[in-house]
Amino acid sequence: MEGVILNNGVSLQFYIVLATIIFCIGVLGVIIRRNAIIILMCVELMLNAVNILMVAFSNYHGKGDAQIFVFFIMVVAAAEAAVGLSILVLLYRNSKTVDVGLFNKLKN
Amino acid sequence: MSTVEIMAIILGGLTIGSALMVVVSPHPIRSVLFLVVTFFLISANYVMLNAQFLAIVNVIVYTGAIMVLFLFVLMLLNLSKDNEPKTSGLMKIGAAVAGGSLFVVLFAALKDATFGAIEHSDNSIGLVEQLGLLLFNKYVLPFEISSILFISAMVGAVLLSKKENQVID
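If you're matching them up, the sequences are chains Y and F in order.
Residue numbers for the first sequence, in the numbering used here: 1 to 108.
Residue numbers for the second sequence, in the numbering used here: 109 to 277.
Hints may contain errors.
To be verified - Result set (PhoX-like, lysine-lysine): computed pairs, CA atoms no more than 20 Å apart in a straight line:
#1 Y:K63 with F:K246
#2 Y:K96 with Y:K107
#3 F:K194 with Y:K96
#4 Y:K96 with F:K246
Honestly, the hints are just simulated from the structure, not real lab data.
Same shape as in the complex, but just chain Y:
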């Protein structure tokens, strides 16, 4: 793959394509799965795709700023996982399922 070569000898375009593919797999998982825990995991996968892109561009620019933003993404991911999983445990306690297709109490 031609393009700008990073410090380590691999092109920047390779990492852009890699991050895009992983992000799309995350989107696919969110659409395809009905287990709410797996959906949360696929959101984590999408966040990690962005992290790869951030680190690749940090290497390209030779600055560490993007890596600091990866730390903040990790902070948000950890907080989101804690709150999301506690909501899921609460929902499971009430309705004995984690199938998102059955959570339709607000519908009517």
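With chain Y held as given, fit chain F onto it using these hints.
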């Protein structure tokens, strides 16, 4: 093709493969374990990109804390392959088309992007000294705000899971 490029392609292929297995695997526990493998491989990608400290933090935070939390909840709820909700075939095809077309659009948009050549700097930006200096000088305010985010998330999680007699009906 140099050795490092072959290594990067093998690593990227393994990462994509295990990420696909997270989505495809019918067993929830196996899905979580494949996600752990994916995070380890992403850490290996960070090492390839000279972000050594970030690779260690990724292993500790993601595979050590977040994925253990997911695994714990999954085993607490006692979910197995039998009560895993099924998706219809039409829905699967539609999801594959949607995800595939999103990839095509993003790839077509990024394919022609040009990046100016930047002269390579030193390899030490990913080490803890450089990142610490940056975090505690330029980004000290977001760092402090993130602690408020953490404390509110902690209070929220405790409040959500504390009450026994909450009924949603």
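We went through each hint and held it up to the structure:
1. Between Y:K63 and F:K246 the alpha-carbon distance is near 13 Å, which keeps this suggested pair within the 20 Å criterion.
2. The suggested pairing of Y:K96 with Y:K107 holds, with an alpha-carbon distance near 19 Å, which does not exceed 20 Å.
3. At roughly 16 Å between alpha-carbon atoms, F:K194 and Y:K96 fall within 20 Å of each other, so this suggested pair holds.
4. Of the supplied pair hints, the one linking Y:K96 and F:K246 is violated, its CA atoms being roughly 47 Å apart against a limit of 20 Å.
This entry does not satisfy hint 4, going by the numbered hints stated previously; all others are met.
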